[in-house]
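Q: So the chains spell out like this:
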Amino acid sequence: MRIDVWLRRAVTVALAMGALCPPLALAQVPARFYWKTLSDANAVPLIYQSVSGNTNPFDPSHRVTSGANFDATLAMAGYARTFTLLDRSAMAAVIVPMGRISGAVNVGGNSVTQAASGFGDPMLEFNINLLGPRAQKNLPDVLRYEPGFSVDLLADLALPAGEYDSSRQLNIGQNRWYGRLGMPVVWQLGAWVPGRRTTLEFLPAVWLFGTNDDYVGQTLKTDPLFQLDAHLSRDFTERAWGSLDVAWYSGGKSSINGVSGEKLDNLGFGFTFGYQINDNLNFTFGYKSTLSDEAPDDLRMDSFMVTLVFGWHPLLEGVRRLHSEK
Amino acid sequence: MKMEQVSANCHAVLNEKNLVCDANSGLTNLGGGVVIDKLGGLLGALGVLGMIIALAVPAIGMAADAPRRPNIVIILGDDLGFADTGAFGGEIRTPNIDALANNGVRFTNFYTHASCSPTRSMLLSGVDTHVNGLGNMDEWTAPNQRGVPGYEGYLNNQVVTLPQLLKAAGYHTYMAGKWHLGKAPDQIPAARGFERDFTLLDGGGSYWDMKNVTAASPRLVFTEDGRYLTRLPKDYYATKTYTDKVISFIDANHGDGKPFFAYVSHQAPHDPYHLPREWRNRHVGAYDQGWDAVRQARLKRQVELGIMPKGTELAERMWFIPDPVVLAPASRAILGKKMELYAGMVENMDHHIGRLIDHLKRIGEYDNTIFVVFGDNGAEGTDLFNMIAGTPGTRDFLFAAINWSQTSPNAWGDPGSFVGYGPMWAQVSMTPFSQYKGWLAEGGIRNALVVSGPAVKRAKGSLNHGLMHVGDLMPTLLEVAGASYPKAHQGRELPPLIGKSWMSMLSGKVDSIRTEKDYLAWEVFGNRAVRQGDWKLRWQFKPYGKGEWELFNVAKDPAERQDVAAQNPGKVKTMTALWDDYVKTNNVILPSRGPFETLEDQLPTRVPVDTGFPPLIYKRQYVPPKELMADPKP
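So the protein sequences, as listed, match chains A and B.
According to my numbering, the first sequence holds residues 764 to 1089 in order.
According to my numbering, the second sequence holds residues 1339 to 1972 in order.
Worth double-checking, as some hints may not be accurate.
To be verified - Partner residues aside, some chain A positions facing chain B, computed with beta carbon under 7 Å:
no., residue
1, L952
2, W955
3, V956
4, P957
Treat the hints as calculated values from the structure; they're not laboratory data.
Where a beta carbon is used, it is the ideal one built from N, C-alpha and C, also for glycine.
Excised from the complex, chain B in its bound form (with noise of 0.2 Å):
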């Protein structure tokens, strides 16, 4: 063994070692995370005397010949429907992760936030939205919630990363992708735990240079290594380049003896969906079918593959959305071309996920390597383009039109191209849920997720219907880095974890980690929901929602077709009590204001979406029996 290996391996002991100490004894305000990296350093640096130390003690010499902790990887898709990938039913061609999850588990309860920031910030910290600083979208901070800790747009400094946790743990911690979670230099991934680290800042544009969507903030902001970008690197699109990054970031330090967390935040799909040219025709006419034949098939596949249970209905296709049967063929097609290029973007992802898995692989670490690989939230359904830069006369428009005017379908793709698939598409992507990102709907914040590695004792493939939540992921990785929470962090008392670690259920002790009591809540842009059991209660503007409570047995009904809540008001009372203790407990504030807020102004009237009516636009053309037709008399 080499001097340094055998340095670094009493660096990871001792460092877990001093952690739990640390949890145990409570004496966490010296910065317990700080006091380890200084001890591993020293001894980092004299080698010799680690080498000393490890032969001459047995205890410590011992435990460096234990197992290696696992290496973990967080594969995070932006915006990556349920049902996109071949492992949850889609059609779209994923061998990469459809390889994890038959080398791993699937899980069909799992949960996240509706939206980008507030998943990302639970994810990394383990705590609620409402508390982490992510109580809101930045970009939607209300009038009344200017100020109020826990809405400051940012990951505040009121929680622990995980990746700072782990680092303390004697884990080499790595980010590549998109961030979003805080601009400033407090706030960046350098400084929230990641010692190296490629990154997208902001909350999305261009995949090929630094060009942002507003005129306002008109360039993307990148890190590298906790330094600002002043230009991207040569050849960079951004799936490629993270992927590049984050195994350069591996190779760094591999062979050092210290397992790697890397979090790898990938920007696609999210749209615009820009692709290389080699990608963009895989599925050319594939969805010309339209919309509800590719649900309708996508949720066959589930049922056959035990995803969803048999007798799941699909949603209601969204009110203003057309039957794609009655739209002429051109108008599917291109229609059909923007999910076309959507699904090139997923296979994209999965063949750099691909080559992420291949090297770790090649370098011997895939069989010692937890992957996790989810979508943040649902499906992007919304013109988000349209909403920044849709108004002519409008300075967005006018940045438009010079930065983002590649209309062209052929152009699609293309740097200066701003592509989404629409609300059409993003049911699709979330097959069978009802709704899609930004609203709590199941198709807004149920994703698919996929756990493999060495902590999975599961069997290879299986499914599983517990419920999950996103925050979940801060426990669950604390304990399989050997490390614990602590009640402290640079002086400050942290707040409680919201989630549960998933150890005993992927050790396959038990089948799910909540009990029937346990219960979830979301709150985003004034919509609220409550899960409990089979239950879940859900409160929407309208016209997604009533503007009143609703309840739904999401077991039975995954689409949230049967709004059940006047047939139960105890169910209704119950947990309606629920949301007030989650709000009591969590400080949250409703926003004044958001972007729903004038949405029932903008669409047409909801009306129920019964197949086949009217029959006047369906009946097709009347042939008579050939033995009676005749020309006319002279």
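Just chain A, with the same shape it has in the complex (with noise of 0.2 Å):
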């Protein structure tokens, strides 16, 4: 194989692969979310996401609304970069979920149908790794890299930016900081060769919530949620692979003045299926659905996704010029 082949193909595939994706915040994340890219590469993400449920997609603390149905389309988009920190692979990004929901919800006793749309509150994501090879800096540490067993610290931050009406219990915005601290775990599984590579994945993660004060003229108060996402992921081709998805919630007990509900312990399964499109663009597509759903206070959820990552390298980008002049 020519070189040039070989080192596109090398940074093409890791920037197609789903680790530029930014979070998705109000979800679990795809496999792959946290491999590792050679620095200073771009992406931007583009995901549409279907949801049905009992709970409110935007609102990551997943508080169960009972005997509510909600319909909800999302769509997201963010930019995200990676850089070297302290030798480190790190990575900066920011996205912002917009869309509409609606459904029934519980007023004064009553079930009333209400609807909203608009933009979410944006956020903020870093993520640094701590345990497993070094910062690809440069192209032969694109070539040298492996995941091994690599573990990172992840920090996201929404700030309460999104559209938000005090006089409904149904909005896209949150009206309350919130964010999660995670660490994410990527274990290879034999060899790391496209076409070849498993991995067996986690991120366990506390989402932290701040108070909303104004929830139609109430606190809502969120206790901490735990979360702990699962993937086995395998190619089935050099461009195309398959993942085995489970979540797992815990906690997050919600209280409206005072008044707490049930704290979540939910278990969801999924599955999704990426394909590499191109040098440059990476798709995916996946369901999800929550387990052992029946009871009133459990949560419901299931969803269809669909993500488009876009990513790009000025060194990628340059390889491609030149050979184009060829």
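Since each chain comes alone in its own frame, lean on the hints to assemble the complex.
A: Rendered as structure tokens:
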């Protein structure tokens, strides 16, 4: 294989993976989200999600509204950039959710249909690798990257800047600060050969929520919510991969004016199919659904998700331009 | 002493005596070896009778108490380079080969042939390639060579083999590894003197399974003890399995009193560089510095070790190979990774050589074993895989797409990957010489040789610069075994040996077995060369050669940088006469077709390689004196 071709492939594979996809703050992130790539790479994710259930998908606390049935259409767009910090791989990202949601909510004992639309709370994310390969500062580093067993430190912070109407229970924005601390783990199983890569990935995390002092005139508080995502991911070919996804939520008990609801203890299950369309563009399709969600207070949510991530790196673009000259 | 041992000793002694008589009397046309085997078998079966004979015949009894003849182990690396081992200046970790070198002698002027089968044929027959059947590689037999005796493409029956003679002399004869001297039942190791074997008959292929490289011949062929294998053993990995097998062969007969001859003909480090994963990452980044720097470092160590004289220059980098300095780090990394893998291949082979050595120590045979270690030809600089499968639309391309397409560098070493390291690293392996396998420059035919063991009386760890040849092994090892080369075998008069025994040199009586008048000569693929004393006459296809005779003083100029033919017409004339003699004596037929016939049209025009030229790509950023720098005026 010609060297330039191989180098392009090395970079593009890294770019087009989920590695540069900013967080789906409101949902489980797909597998391969925390794979590392070349420093100073860029990505713009476009995410479309169709969700239904008894919780507002724009609210990561997944507070259950008993008996409710929401349908939501989410879109998210963002920007992410990788860089090197203290010789470790790091990533900073911002993502803005947008969309619409409608459904029946309980107001004064009556079921009322509400709807909301607009921009959600923008979220900032910072991630740095703690254990595992050093940052990929150049192409030789990319060539030699294998995650082995790597552990990151993840911090998310959502800004209460989304659309919010305090007269309604159902909103796109949450009118409070919230964020997440997590430790993404990527565990390589077997050879790191495109077409044969297998990983087991975990994301243990805790969501922390501020107080919404104006939740339909009341005070909404939410306890920390513990989350564990797990993925078994496997290449089908050099460009196609799939994963089995599991998510477990625990805690996150909410109280309104001191009246507490139930805490979450739910399990979700799903799958994802990913495909690298070209050097820059990666596609995923996934479905997930909660399990054991028959009781009224059980979290019930299912969603289809389609993502497109456009990644680029100046080096790759330059190589491509020169290559196309020949 | 056990009865079986007495019988076996008797057998060995009788065999020795019989062989001597046989050779002296010339009564070999009855097949001395067969007679001896039958006698030995009879005595072995009648152990009691053997004991009686041993006790009753004082002369034989005394001989039985004489020192045992040494075991002989030949370890052949396939495409192993002159400078790859630590003992010859390499940075690759080869502690076991180095230990043999420290316990024996290193030879710096040892010649093989430029490709695999010719070398192996001379090693095992002691006869020139154009006589023994490998006048050309089987894969490249030219139209005008077809059907001509000496060009059969396999080790022909005009010659007797070293294992046949050693077996007749009372040795056990074992082989594990690559053969590449014929596949038909009468051509395989079991038919050519090896009593036990585990053999790859082909020239190369997968180290993991039976996958070959060409669509026409998709399956490698193996034999074990003369039977063609339908499948490979569990957990097969060539280098490991060959070692396991030869150890098991040795153990199976250990204690019967007979010495053994083991031919451990490794496939490693021939491409594809198939390697267990744990051996792949021992040199990560070590070769990013590029081939020139590694060559320089190796030459420096060679000079320090005395392998090369002070003032030795490196051979010119091949004109079509870029200066690594001008390559991007990523390019150096990806090309360096190939060398990392090669280094792992060599280290892995050394590891398994160490396993064999350790085993011989454990069973008490090490001190009585002669080791002969060398590579079969120059390192491989030709992209064989591309030659075979590099053309889209061909049958071999499709075959490769299915079977050999693991091209990701992270898959290199796995089944289905095919990595060779290219001419730049082949030149490193052959430091300081010019060119590589397939060519008759020193880089194609000069190899590192280590000999250790009881026959070596020279200072441990010493060097010898005498002119040696792979064809010398037959007379040398026959002398070690107390045997001699018969005039005829199975009713056929045998061709003369081309080599000379090393025993006088190994014992320290002489420094070189060759006089200034002795000469060596080579021909393969139409390239030709003659060496006599310090001089070498060489004819090679353009652009590797000039398409005419070139003359080099390889003692002063081992890198063959200066063609001095024009300044020494008399020497050229003398040596061309030697060439003519060689052709006449050995029935050399220059091939009408060959792998290099169109090479000049495929490669860039040959130009000198001048360091730092052109300055255009070497001159670094000019930085003005700080005190003269200023911002622009408004």
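Q: Each hint should be assessed against the structure and marked as holding or not.
A: Quick rundown of the hints versus the structure:
1. Because the beta carbon of L952/A sits about 13 Å from the nearest beta carbon in chain B, more than 7 Å, this interface hint is broken.
2. Given hint, W955/A at the interface with chain B, holds; its Cβ is 5 Å from that chain's nearest Cβ, closer than 7 Å.
3. The closest approach between the C-beta of V956/A and any C-beta of chain B is roughly 4 Å, which is under the 7 Å cut-off, so the hint is satisfied.
4. Taken as an interface hint, P957/A checks out: its beta carbon lies about 5 Å from the nearest beta carbon of chain B, inside 7 Å.
In this structure, only the earlier hint numbered 1 is contradicted, and the remaining ones agree with it.
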